[in-house]
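Engineer: Whole structure, please, built from the sequences with the hints as guidance.
Each protein sequence line maps, in turn, to chains A and B. Quick note on our numbering: the first sequence kicks off at 84 and runs consecutively. Quick note on our numbering: the second sequence kicks off at 263 and runs consecutively.
Simulated from the structure, these hints should not be mistaken for laboratory data. Heads up, the beta-carbon is just placed ideally off N, CA and C, and yes, glycines get one too. The reader is advised that the hints may include incorrect statements.
[Stated by the list, open to error] Simulated pairs of lysine to any residue, SDA-like, Cα-Cα distance not exceeding 25 Å:
{"no.": "1", "chain 1": "A", "residue 1": "Lys-153", "chain 2": "B", "residue 2": "His-361"}
{"no.": "2", "chain 1": "A", "residue 1": "Lys-153", "chain 2": "A", "residue 2": "Gln-140"}
{"no.": "3", "chain 1": "A", "residue 1": "Lys-153", "chain 2": "B", "residue 2": "Glu-362"}
{"no.": "4", "chain 1": "B", "residue 1": "Lys-303", "chain 2": "B", "residue 2": "Glu-319"}
{"no.": "5", "chain 1": "A", "residue 1": "Lys-119", "chain 2": "B", "residue 2": "Asn-293"}
{"no.": "6", "chain 1": "A", "residue 1": "Lys-177", "chain 2": "B", "residue 2": "Asn-293"}
{"no.": "7", "chain 1": "B", "residue 1": "Lys-306", "chain 2": "A", "residue 2": "Tyr-114"}
{"no.": "8", "chain 1": "B", "residue 1": "Lys-306", "chain 2": "A", "residue 2": "Ile-176"}
{"no.": "9", "chain 1": "B", "residue 1": "Lys-313", "chain 2": "A", "residue 2": "Tyr-114"}
{"no.": "10", "chain 1": "A", "residue 1": "Lys-119", "chain 2": "B", "residue 2": "Gly-321"}
{"no.": "11", "chain 1": "A", "residue 1": "Lys-150", "chain 2": "A", "residue 2": "Ala-188"}
{"no.": "12", "chain 1": "B", "residue 1": "Lys-303", "chain 2": "A", "residue 2": "Asp-109"}
[What the hints assert, rightly or not] Stretch by stretch, here's where chain A covers chain B in the computed footprint (C-beta under 8 Å, at least three residues):
{"no.": "13", "segment": "293–303"}
{"no.": "14", "segment": "310–321"}
{"no.": "15", "segment": "364–374"}
[Unchecked claim] Across the chosen pairs, the derived CB separations fall in these ranges:
{"no.": "16", "chain 1": "B", "residue 1": "Ser-289", "chain 2": "A", "residue 2": "Ser-134", "range": "26 to 34 Å"}
{"no.": "17", "chain 1": "B", "residue 1": "Ser-315", "chain 2": "A", "residue 2": "Ser-94", "range": "40 to 48 Å"}
{"no.": "18", "chain 1": "A", "residue 1": "Asp-152", "chain 2": "B", "residue 2": "Glu-276", "range": "41 to 49 Å"}
{"no.": "19", "chain 1": "B", "residue 1": "Thr-374", "chain 2": "A", "residue 2": "Ala-160", "range": "42 to 50 Å"}
{"no.": "20", "chain 1": "B", "residue 1": "Gly-290", "chain 2": "A", "residue 2": "Glu-121", "range": "22 to 30 Å"}
{"no.": "21", "chain 1": "B", "residue 1": "Thr-374", "chain 2": "A", "residue 2": "Thr-108", "range": "32 to 40 Å"}
{"no.": "22", "chain 1": "B", "residue 1": "Gly-265", "chain 2": "A", "residue 2": "Asn-135", "range": "27 to 35 Å"}
{"no.": "23", "chain 1": "B", "residue 1": "Tyr-336", "chain 2": "A", "residue 2": "Tyr-181", "range": "17 to 25 Å"}
{"no.": "24", "chain 1": "B", "residue 1": "Ser-315", "chain 2": "A", "residue 2": "Ser-111", "range": "18 to 26 Å"}
{"no.": "25", "chain 1": "B", "residue 1": "Leu-328", "chain 2": "A", "residue 2": "Asn-104", "range": "36 to 44 Å"}
{"no.": "26", "chain 1": "A", "residue 1": "Thr-113", "chain 2": "B", "residue 2": "Glu-319", "range": "17 to 25 Å"}
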Amino acid sequence: GEDVEQSLFLSVREGDSSVINCTYTDSSSTYLYWYKQEPGAGLQLLTYIFSNMDMKQDQRLTVLLNKKDKHLSLRIADTQTGDSAIYFCAESIKSGGYNKLIFGAGTRLAVHP
Amino acid sequence: EAGVTQFPSHSVIEKGQTVTLRCDPISGHDNLYWYRRVMGKEIKFLLHFVKESKQDESGMPNNRFLAERTGGTYSTLKVQPAELEDSGVYFCASSRRVHEQYFGPGTRLTVT
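Structural biologist: Here it is in structure tokens:
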């Protein structure tokens, strides 16, 4: 089946690291994504990882993929107030020769001083 | 390069009325997708166009929803007649390569 699960809320102190977790069900997913939605804005593609990788780092962002456990995480180092947003995990699954995205419900990250 | 644009940003209609949402993809992107987020839940896939052809419409809820992409440029999503459960945020996305989808700001639809 197609299902992506993530916790709904995370609160961190400014300057700390944030870790947002996600589990997915389709073992054939080729790409896994993190999208960010700031208040009143659309979805911003934050980063993605190919399924044959186990880690990807991009400045303050680190994505870890455990394919055996179908677990994806996003770590944000030195979290800032501007990181407050909803973070959506998504997996890409094959659909008739193309891919479609299956999203989780989103994790709302609140950063406080 | 301009991003994906959607119009209107917000629409409030009464149950039974018709609403048409529009999406303009990034220029040159053959792939266009519609998604919907209802009541703060997960974002759900509705359908996928490749140019003007519907590649996958498995996520369309029922026959009250009609999507078109004439000429392979912009797309419209019509809801007729609208029901209360159609309320939500409708996102459009486009891509040149299938693994990089760029989303628009969404249209918030409220059916009263």
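Engineer: Against this structure, judge whether each hint is valid.
Structural biologist: Structure-based check of all given hints:
{"no.": "1", "hint": "Lys-153/A - His-361/B", "result": "holds, 19 Å"}
{"no.": "2", "hint": "Lys-153/A - Gln-140/A", "result": "holds, 19 Å"}
{"no.": "3", "hint": "Lys-153/A - Glu-362/B", "result": "holds, 21 Å"}
{"no.": "4", "hint": "Lys-303/B - Glu-319/B", "result": "holds, 20 Å"}
{"no.": "5", "hint": "Lys-119/A - Asn-293/B", "result": "holds, 21 Å"}
{"no.": "6", "hint": "Lys-177/A - Asn-293/B", "result": "holds, 15 Å"}
{"no.": "7", "hint": "Lys-306/B - Tyr-114/A", "result": "holds, 17 Å"}
{"no.": "8", "hint": "Lys-306/B - Ile-176/A", "result": "holds, 13 Å"}
{"no.": "9", "hint": "Lys-313/B - Tyr-114/A", "result": "holds, 23 Å"}
{"no.": "10", "hint": "Lys-119/A - Gly-321/B", "result": "holds, 23 Å"}
{"no.": "11", "hint": "Lys-150/A - Ala-188/A", "result": "holds, 21 Å"}
{"no.": "12", "hint": "Lys-303/B - Asp-109/A", "result": "holds, 20 Å"}
{"no.": "13", "hint": "293–303", "result": "holds (count 5)"}
{"no.": "14", "hint": "310–321", "result": "holds (count 6)"}
{"no.": "15", "hint": "364–374", "result": "holds (count 5)"}
{"no.": "16", "hint": "Ser-289/B - Ser-134/A: 26 to 34 Å", "result": "holds, 30 Å"}
{"no.": "17", "hint": "Ser-315/B - Ser-94/A: 40 to 48 Å", "result": "holds, 45 Å"}
{"no.": "18", "hint": "Asp-152/A - Glu-276/B: 41 to 49 Å", "result": "holds, 48 Å"}
{"no.": "19", "hint": "Thr-374/B - Ala-160/A: 42 to 50 Å", "result": "holds, 44 Å"}
{"no.": "20", "hint": "Gly-290/B - Glu-121/A: 22 to 30 Å", "result": "holds, 26 Å"}
{"no.": "21", "hint": "Thr-374/B - Thr-108/A: 32 to 40 Å", "result": "holds, 36 Å"}
{"no.": "22", "hint": "Gly-265/B - Asn-135/A: 27 to 35 Å", "result": "holds, 30 Å"}
{"no.": "23", "hint": "Tyr-336/B - Tyr-181/A: 17 to 25 Å", "result": "holds, 20 Å"}
{"no.": "24", "hint": "Ser-315/B - Ser-111/A: 18 to 26 Å", "result": "holds, 24 Å"}
{"no.": "25", "hint": "Leu-328/B - Asn-104/A: 36 to 44 Å", "result": "holds, 38 Å"}
{"no.": "26", "hint": "Thr-113/A - Glu-319/B: 17 to 25 Å", "result": "holds, 22 Å"}
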